[in-house]
Amino acid sequence: MNGVHLRLKQAPALRVDLRGVTPASLAGLSAAQIERLAVTHGMQTLALAELFAVSCDGAAAAGDTLMFEGDLSRFDRIGWQLAGGQIVVDGPAGDYVGACMSGGEIVVRGHAGLLAACEMAGGTLTIAGDVGDHAASGLPGSMDGMRGGTLVVHGRAGERFADRMRRGTALVFGDVGDFLASRLVAGTVAIGGRAGAHIGYGMRRGSVVFAGAVPSVAPTFVPALAEAAVAWQLLARAIARHGGPFAGLPARRIGRHLGDLSADGKGELIVAA
Amino acid sequence: MTAANPAAPLQRNGVVIDDTFAEAFPMKATRIVITAHNLTWARHAANSATGFATSVIACGCEAGIERELGPDETPDGRPGLSVLIFSMSGKELAKQLERRVGQCVLTCPTTAVFAGIAEGEAIALGKNLRFFGDGWQMSKLIDGVRYWRVPVMDGEFVAQETTAVTKAVGGGNLLMLATDTESALAAAEAAVRAMQRLPNVVMPFPGGVVRSGSKVGSKYPALMASTNDAFCPGLYGLAAKSEITPDVHCVLEIVIDGLTEADVAAAMRVGMQACIAIGAAGGLRRISAGNYGGKLGPYLFHLHQLLGAPEAAA
Numbered sequence: 001m002n003g004v005h006l007r008l009k010q011a012p013a014l015r016v017d018l019r020g021v022t023p024a025s026l027a028g029l030s031a032a033q034i035e036r037l038a039v040t041h042g043m044q045t046l047a048l049a050e051l052f053a054v055s056c057d058g059a060a061a062a063g064d065t066l067m068f069e070g071d072l073s074r075f076d077r078i079g080w081q082l083a084g085g086q087i088v089v090d091g092p093a094g095d096y097v098g099a100c101m102s103g104g105e106i107v108v109r110g111h112a113g114l115l116a117a118c119e120m121a122g123g124t125l126t127i128a129g130d131v132g133d134h135a136a137s138g139l140p141g142s143m144d145g146m147r148g149g150t151l152v153v154h155g156r157a158g159e160r161f162a163d164r165m166r167r168g169t170a171l172v173f174g175d176v177g178d179f180l181a182s183r184l185v186a187g188t189v190a191i192g193g194r195a196g197a198h199i200g201y202g203m204r205r206g207s208v209v210f211a212g213a214v215p216s217v218a219p220t221f222v223p224a225l226a227e228a229a230v231a232w233q234l235l236a237r238a239i240a241r242h243g244g245p246f247a248g249l250p251a252r253r254i255g256r257h258l259g260d261l262s263a264d265g266k267g268e269l270i271v272a273a
Numbered sequence: 001m002t003a004a005n006p007a008a009p010l011q012r013n014g015v016v017i018d019d020t021f022a023e024a025f026p027m028k029a030t031r032i033v034i035t036a037h038n039l040t041w042a043r044h045a046a047n048s049a050t051g052f053a054t055s056v057i058a059c060g061c062e063a064g065i066e067r068e069l070g071p072d073e074t075p076d077g078r079p080g081l082s083v084l085i086f087s088m089s090g091k092e093l094a095k096q097l098e099r100r101v102g103q104c105v106l107t108c109p110t111t112a113v114f115a116g117i118a119e120g121e122a123i124a125l126g127k128n129l130r131f132f133g134d135g136w137q138m139s140k141l142i143d144g145v146r147y148w149r150v151p152v153m154d155g156e157f158v159a160q161e162t163t164a165v166t167k168a169v170g171g172g173n174l175l176m177l178a179t180d181t182e183s184a185l186a187a188a189e190a191a192v193r194a195m196q197r198l199p200n201v202v203m204p205f206p207g208g209v210v211r212s213g214s215k216v217g218s219k220y221p222a223l224m225a226s227t228n229d230a231f232c233p234g235l236y237g238l239a240a241k242s243e244i245t246p247d248v249h250c251v252l253e254i255v256i257d258g259l260t261e262a263d264v265a266a267a268m269r270v271g272m273q274a275c276i277a278i279g280a281a282g283g284l285r286r287i288s289a290g291n292y293g294g295k296l297g298p299y300l301f302h303l304h305q306l307l308g309a310p311e312a313a314a
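If you read the sequences in order, they're chains A and B. FYI, our numbering numbers position 214 of the first sequence as 214, with every residue one higher than the one before it. FYI, our numbering numbers position 115 of the second sequence as 115, with every residue one higher than the one before it.
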């Protein structure tokens, strides 16, 4: 594979902030130049070479893949504000992976920490393992969560998944914690496993699809009497392409609940039978 | 209309192909896909939406059903129909589209409507119709495409937000000159059936056929078009200039609108071939075409060239 390969030498003592280490920022740099790039380690700054063994064939290009290898669970903000190119993490990733990304692709072949894909606006983030709390939500203190792109979590997700999300698609193959899609503004969320308590708490619009266990629906939602076969087919076909628990969605019948009536009440919980 | 040249007779199966050409014009077009619970209701909507759309002279647009679509060809997996709508400008096309979809598709039970062309300038499809929802409408962005879900009494009407406008060609035509009404109808019907098997074209007149072929202008200043007296058998011997021969008692015309010049040419070719197959034995005497001397439209479809006649190639 063409690109820049960063192999972790040893786990750092403190958390490392990897914002700014993207395919675009490394474009045109040689391996020696990449090794001298500074990253924050706790209160210090370190050269990338102190943490990683860097290898690349000639000068890196913006379209190249940036590959991290090792346990990066103490490395935060991988792919922060990524606008293009591909990042692969061959192992676990820390907090804020894919946060504020607007394009490109990130693949994490392990678990990810808190706030994955928060305020993501475009591109694709795929996590093979679990994600922590507040994935696809907003940065702390922010009014808006994920606003575009696609987040696919093959494992489980923590609490407040898709909190304040307003656009895009966020899928979890496994279980999710409490307050799924709380304060959801719009967008599509699909869950393949079980969901915790307080689903759609305060959601205004948007769709939450349950392909796995039947969820417990709050009394602030009302059952929908009308069919929505066309919209369901459009939505189900798009989600089904991701496979796993969603593969057979277009062929399944659905029940819908509309709410949250304590907010705008135009959201829908779609339960596939 | 120019006269066909009787000095250069090209005959196929006893049918004379006039050495003339059809003259066509640039238009703007879009394709929409109408789906429904079953094909019957999709056809009700499509027939209604393409009604009163025979000529831009007074209808605002020319439209027709292009073909049936199976469930595997539509975005929502239901049976449907593709509809082509042509107009003289993108602005008029947008106006006609919104009116027709709003009054004929939104109103029809179980229907949904989608764009049938992806490339081109976007015009509103469900973008403004959504306001019928009175605030209850919902938007859904799926794979980068925005759809509107408008609550209606049978559930919800789903419409893609926009469709695309493309350049197109309108006014391709064939004239079938026959010994009697029965023969002219048989030739015209066969030609329309052959053309309907092709993509990207519609024949906007009733049954695809028009009996009131027109020329530009009139003795009455208020009229921009009037009867094509040169091809009216009833005016043989009366009109100063006639294209009718004594054996011709009925003339019918097919007008073809297509997305490209090649589409119109292909439709005219298969239409002529269908007519030729009927031949003189079936009462068809001549095939001709209408034009304006080549001065108005940039697209000229020479009948001999379409049939690959050797003298045309030379």
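If you are wondering where the hints come from, they were derived from the structure by calculation, not from laboratory data. Think of the CB as a built atom: it goes at the ideal place given N, C-alpha and C, for glycine as much as any other residue. Among these hints, one or two may not hold up.
Derived, one-sided and incomplete: chain B residues facing chain A with beta-carbon distance under 7 Å [stated by the list, open to error]:
| no. | residue |
| --- | --- |
| 1 | P71 |
| 2 | D72 |
| 3 | A112 |
| 4 | G144 |
| 5 | D247 |
Computed beta-carbon distance windows for the label pairs [unchecked claim]:
| no. | chain 1 | residue 1 | chain 2 | residue 2 | range |
| --- | --- | --- | --- | --- | --- |
| 6 | B | A281 | A | G248 | 57 to 65 Å |
| 7 | B | K167 | A | A49 | 51 to 59 Å |
| 8 | A | L258 | B | P71 | 23 to 31 Å |
| 9 | B | Q103 | A | D178 | 27 to 35 Å |
If you want the ones that stay clear, here's a sample from chain A, every Cβ over 12 Å from chain B, calculated [unchecked claim]:
| no. | residue |
| --- | --- |
| 10 | L14 |
| 11 | T40 |
| 12 | S73 |
| 13 | T126 |
| 14 | T169 |
| 15 | G177 |
| 16 | R205 |
| 17 | P223 |
| 18 | L225 |
| 19 | L234 |
| 20 | L235 |
Beyond 12 Å from every chain B Cβ: check whether that's true for A:L14. 40 Å, holds
Per-residue hint verdict: B:A112, partner chain A, C-beta under 7 Å: 5 Å, holds
Taking the beta carbons of B:A281 and A:G248, is their distance inside 57 to 65 Å? 59 Å, holds
Quick check on a hinted range of 23 to 31 Å for A:L258 and B:P71, using CB atoms only. 28 Å, holds
A:G177 remote from chain B - nearest C-beta pair above 12 Å: Consistent with the label, A:G177 stays out of reach of chain B, its closest Cβ about 26 Å off (over 12 Å).
Would you settle whether the hint for B:G144 is holds or violated, based on the nearest Cβ-Cβ distance to chain A being less than 7 Å? 10 Å, violated
State, for the Cβ atoms of B:Q103 and A:D178, whether the hinted interval 27 to 35 Å holds or is violated. 48 Å, violated
For A:T126, which was marked as not at the interface, is the minimum beta-carbon distance to chain B over 12 Å? With a cut-off of 12 Å, A:T126 remains clear of chain B, as the shortest Cβ separation is near 17 Å.
Say whether it holds or is violated: A:L225 keeps its Cβ farther than 12 Å from all Cβ of chain B. 9 Å, violated
Should the hint that B:D247 touches chain A count as held when the rule is a Cβ pair under 7 Å? Since chain A brings no Cβ nearer than about 56 Å to B:D247, farther than 7 Å, the hint is violated.
Does A:P223 really sit off the interface, with its C-beta more than 12 Å from all C-beta atoms of chain B? 14 Å, holds
Per-residue hint verdict: B:P71, partner chain A, C-beta under 7 Å: At 10 Å from the nearest chain A Cβ, B:P71 fails the 7 Å test, so the hint is violated.
Hints 1, 2, 4, 5, 9, 14, 16, 18, 19, 20 from the list above are not met by this structure, while the remaining hints are.
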